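Asker: Given next are the chains, with one letter for each unit.
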Amino acid sequence: MNTPVTGPRFLRQAEVVGRLLARLPSSRVLYAHEDTKPYECDGLSAYREVPGVVVIPEDDDEVAFILKTCHASQVPVVARGAGTGLSGGALPMRDGVLLSLAKMKRILAIDPVGRIARVQPGVRNLAVSEAAAPYGLYYAPDPSSQIACSIGGNVAENSGGVHCLKYGLTVHNILRVRGFTVEGEPIEFGSEALDVAGLDLIPLITGSEGMLAVTTEVSLKLLPKPEVARCIMASFDDVEAAGNAVAAIIGAGIIPAGLEMMDQPATRAVEEFVHAGYDLDAKAILLCESDGTREEVEEEIGRMQAVLEQSGATGVRVSVNEAERLRFWAGRKAAFPAVGRISPDYYCMDGTIPRKRLGEILRFIAAMEQKYQLRCPNVFHAGDGNLHPLILFDANKPDELQRTEQFAAEVLRKCIEVGGTITGEHGVGIEKINEMCVQFEPHELACFRGIKAAFDPLGLLNPGKNIPSLHRCAELGHMHVSGGRLPFPDLPRF
Amino acid sequence: MTTLAATLARFSASIRAAGAADRPLQIRAGGTKDFYGQSIEGEVLDPRDYAGIVDYDPSELVITARTGTRLAELEQAMREQGQMLACEPPHFGTAATVGGAVAAGLSGPRRSSAGSLRDFILGVRVMDGHGNPLTFGGQVMKNVAGYDVSRVMAGSLGTLGLLLEVSLKTLPLPVAEATLRFEIPEDRALERLQQWAGKPLPISAVVWQGGELAIRLSGARAAVDAARTKLGGEWLESVATAQFWLGVREQTVPFFATPLAIWRVSVPSSAPPLAIPGDQLIEWGGALRWCVTDADARTIRSRAAALGGHATLFRQGDKSVGVFTPLTPAIAGIHRDLKAVFDPHGIFNRSRLYTDF
Ligand SMILES: Cc1cc2nc3c(=O)[nH]c(=O)nc-3n(C[C@H](O)[C@H](O)[C@H](O)COP(=O)(O)OP(=O)(O)OC[C@H]3O[C@@H](n4cnc5c(N)ncnc54)[C@H](O)[C@@H]3O)c2cc1C
Numbered sequence: 001m002n003t004p005v006t007g008p009r010f011l012r013q014a015e016v017v018g019r020l021l022a023r024l025p026s027s028r029v030l031y032a033h034e035d036t037k038p039y040e041c042d043g044l045s046a047y048r049e050v051p052g053v054v055v056i057p058e059d060d061d062e063v064a065f066i067l068k069t070c071h072a073s074q075v076p077v078v079a080r081g082a083g084t085g086l087s088g089g090a091l092p093m094r095d096g097v098l099l100s101l102a103k104m105k106r107i108l109a110i111d112p113v114g115r116i117a118r119v120q121p122g123v124r125n126l127a128v129s130e131a132a133a134p135y136g137l138y139y140a141p142d143p144s145s146q147i148a149c150s151i152g153g154n155v156a157e158n159s160g161g162v163h164c165l166k167y168g169l170t171v172h173n174i175l176r177v178r179g180f181t182v183e184g185e186p187i188e189f190g191s192e193a194l195d196v197a198g199l200d201l202i203p204l205i206t207g208s209e210g211m212l213a214v215t216t217e218v219s220l221k222l223l224p225k226p227e228v229a230r231c232i233m234a235s236f237d238d239v240e241a242a243g244n245a246v247a248a249i250i251g252a253g254i255i256p257a258g259l260e261m262m263d264q265p266a267t268r269a270v271e272e273f274v275h276a277g278y279d280l281d282a283k284a285i286l287l288c289e290s291d292g293t294r295e296e297v298e299e300e301i302g303r304m305q306a307v308l309e310q311s312g313a314t315g316v317r318v319s320v321n322e323a324e325r326l327r328f329w330a331g332r333k334a335a336f337p338a339v340g341r342i343s344p345d346y347y348c349m350d351g352t353i354p355r356k357r358l359g360e361i362l363r364f365i366a367a368m369e370q371k372y373q374l375r376c377p378n379v380f381h382a383g384d385g386n387l388h389p390l391i392l393f394d395a396n397k398p399d400e401l402q403r404t405e406q407f408a409a410e411v412l413r414k415c416i417e418v419g420g421t422i423t424g425e426h427g428v429g430i431e432k433i434n435e436m437c438v439q440f441e442p443h444e445l446a447c448f449r450g451i452k453a454a455f456d457p458l459g460l461l462n463p464g465k466n467i468p469s470l471h472r473c474a475e476l477g478h479m480h481v482s483g484g485r486l487p488f489p490d491l492p493r494f
Numbered sequence: 001m002t003t004l005a006a007t008l009a010r011f012s013a014s015i016r017a018a019g020a021a022d023r024p025l026q027i028r029a030g031g032t033k034d035f036y037g038q039s040i041e042g043e044v045l046d047p048r049d050y051a052g053i054v055d056y057d058p059s060e061l062v063i064t065a066r067t068g069t070r071l072a073e074l075e076q077a078m079r080e081q082g083q084m085l086a087c088e089p090p091h092f093g094t095a096a097t098v099g100g101a102v103a104a105g106l107s108g109p110r111r112s113s114a115g116s117l118r119d120f121i122l123g124v125r126v127m128d129g130h131g132n133p134l135t136f137g138g139q140v141m142k143n144v145a146g147y148d149v150s151r152v153m154a155g156s157l158g159t160l161g162l163l164l165e166v167s168l169k170t171l172p173l174p175v176a177e178a179t180l181r182f183e184i185p186e187d188r189a190l191e192r193l194q195q196w197a198g199k200p201l202p203i204s205a206v207v208w209q210g211g212e213l214a215i216r217l218s219g220a221r222a223a224v225d226a227a228r229t230k231l232g233g234e235w236l237e238s239v240a241t242a243q244f245w246l247g248v249r250e251q252t253v254p255f256f257a258t259p260l261a262i263w264r265v266s267v268p269s270s271a272p273p274l275a276i277p278g279d280q281l282i283e284w285g286g287a288l289r290w291c292v293t294d295a296d297a298r299t300i301r302s303r304a305a306a307l308g309g310h311a312t313l314f315r316q317g318d319k320s321v322g323v324f325t326p327l328t329p330a331i332a333g334i335h336r337d338l339k340a341v342f343d344p345h346g347i348f349n350r351s352r353l354y355t356d357f
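Chains as they are written, first to last, in this note's numbering: chain A, 1 to 494; chain B, 1 to 357.
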């Protein structure tokens, strides 16, 4: 799986550690097994590898020094933020250095006038909005993991949240990224102005899964906090009707601040855990949020309510106050951990489809549940067609893992087939590297490899992730996916 | 072979032949943006035979079109469905095509509230320097498989390849719009714009010029009405104002009728007045400052840089000073390497962006 570094492992490790210790305190250069073990995986804990060395810089100079040192010795480097990634992007290498940005967590500046937050990469997503709140501002992208995940990780994955239909993904909400190349040279992408001279490289660095550069500072766009937000919870006695209601809302010219869907197995799991007040008799519920000025929200809520009723909603409840609105969302945001409580293990999938194919995909997933005899509650960012089917299984039962794998692979292939993609927001990492060979043609993959080489000619930054090698795809043939793939025993719970 | 397939085969053959002979190609459709960029060389490769809307389902909020499609046709199709391309790319002539708009990467008045042209790109199909068609991104809102090549195409000025097809995010037309006018000097206008931008107001565009500030409000009827009352100013009739905002987008308002150099200065919105001699028109909440000036390039560029931005010689003037702000060595190196990935023979739109690119 990993490209091994030449030379006897222990010698190389000793050499790197020695050089790093010349400048860094021993408390931040870890190499003893018990110290490095906690870094062996990210949120996709099926893939584990104890890193040879973990190094924890505290400022830009140290990052530059570490990268220069590793580059000189040709040692691969894997950056890590909070380790909540769900595709194994921060999976370490046995013969490599794991660069933890967790200690670089200062908010460098909040500019309330220009509406910009300048932060170090280890800052937690939610901490930005908290720091901006006194100015009536906030940072819009809100992954469900926002209490834990880092801005550096968000940039590397181009993370989304429940509000990205209206407010965009990470790529739409960052202005400038500063960091270091694999050689340890400073580099800057984007600008605090709205554009740059030459090619706009912000989209390349965003979502690059730590393979093009190491981020050390990000300028984030802050938005004025909407005056009010209200949320509708609508019940449906049929999942497809709920899907059609989503299309009807958008067809009516409304862009809700959030538009999420959960099917009955998901709401039941969540309700027990969070007590959000979900309608447990409904086959599916939709959460539709409106935000803006008081007048705007009132008008939009009225319009959405009408569309939902016309679309056959069996119940429509509008949040009466902020506490209730937050309760509606608490359930959705806790969906993964809630599902984690009802099954020994679960596998969280992430694919995107054109919205109009939702019904078809749901039927397909239901058929897969039968075929593989595994349950699969569904939560969707319905507004943008991003699915998170959660396959429940028990890794201790002999073949459940394998069935889960096959189930997941079939769903991903179906996503591609209906014109979607294998990942909407969790990234490719190590998890979906084989599916990349299915989604992209050889010329396109060659292009990706060229881009990688433009930034990192020796391939030392997070090698083996995201972009499959020519060899790998050739070996898989064009349709492959069974066997060979590693299992996904247990996913994080928090 | 269908006509479209034959067209693609012809493009591919032209590209291969040019590559083999080391002959530059200029990708040129309507030619409405010929004025923009460093310089143009090579034989014309005209993508207009590859035209037409491929797919448009308004409830998906996505339109996919071949790049030879006229931009006006695309926008008309959206308008008929009550939707728009919210970044309002300028046409600069009726012949403007979708491909030209994407390659130029320019956005109009709504940019500061709705996002840039780049932000609306969901996917592209592009023919590289080997004559191979490549697809990146797609027709869905969220897609993080592989590097996001499609959005890099915005503003690449055709230097990376021949754009064939593009999928763009569409948005509903606002239910209501209103324009307000204020008399206010530049410094106070800039301050006021920052204050307003920090509040949840439905401001969709602003223009300041010659002591007058115009603000466009867009959104739900109730929100527009409420903001109008809140902000004050003089309320302008909407028929005339639609023409006005179009004139700003298309640069047909009198400010742009000048034989002098027009500089496009992009700075953080909170930057103070530029204090460059000459006239100015300010857009994007303060982030875009058009300057009609005979000041020298060095003065303008160093001022822009000091404020954290950059300056482009947009129209007229002496292009030998460099149309675009020079890149740092590190970024220039990446540009060169990326160019080599997509266009190994260096045939596409040579010198359009930078003389050595
Ligand atoms: C319960 C749960 C809910 C989630 N919900 C969502 C959701 O709603 N939306 C969503 O998009 N994701 C979601 N995620 C996935 C995950 O939280 C995001 O991908 C997040 O952005 C990862 O951030 P991190 O700091 O944990 O990064 P890590 O997992 O540490 O790293 C992720 C990737 O980023 C790279 N990286 C990290 N820091 C840097 C840096 N400074 N420079 C360069 N590269 C770097 C790593 O090498 C790796 O490739 C969820 C995860 C969990 C566990």
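Hints are computed from structural coordinates only; laboratory data are not their basis. It cannot be assumed that every hint is accurate.
Label-pair restraints from in silico Cβ distances [as the list claims (entries may be wrong)]:
#1 B/Leu236 with A/Glu417: 33 to 41 Å
#2 A/Asn321 with B/Ala340: 53 to 61 Å
#3 B/Glu73 with A/Gln74: 48 to 56 Å
Cut-off 30 Å, straight-line C-alpha distance, at most; resulting in silico cross-link-like pairs (DSS-like, lysine-lysine) [claimed, not checked]:
#4 A/Lys103 with B/Lys199
#5 B/Lys319 with A/Lys225
#6 A/Lys166 with B/Lys230
These numbers come from a predicted model, not from an experiment. Built from N, CA and C at the ideal position, the CB exists for glycine as well.
Asker: Next step is simple, just say for each hint if it's right about the structure.
Answerer: Going down the list of hints, with the structure as the test:
For the pair B/Leu236 and A/Glu417, the supplied restraint of 33 to 41 Å is violated, since their beta-carbon distance comes to about 52 Å. Checked against the hint of 53 to 61 Å, the C-beta distance between A/Asn321 and B/Ala340 comes to roughly 58 Å, which is consistent with it. For the pair B/Glu73 and A/Gln74, the supplied restraint of 48 to 56 Å holds, since their beta-carbon distance comes to about 54 Å. Taken as a hint, the A/Lys103 and B/Lys199 pair is broken in the structure, with Cα atoms around 33 Å apart against an allowance of 30 Å.
Annotation: proposed proximity of B/Lys319 to A/Lys225 is violated, straight-line Cα distance about 44 Å (limit 30 Å). Between A/Lys166 and B/Lys230 the alpha-carbon distance is near 25 Å, which keeps this suggested pair within the 30 Å criterion.
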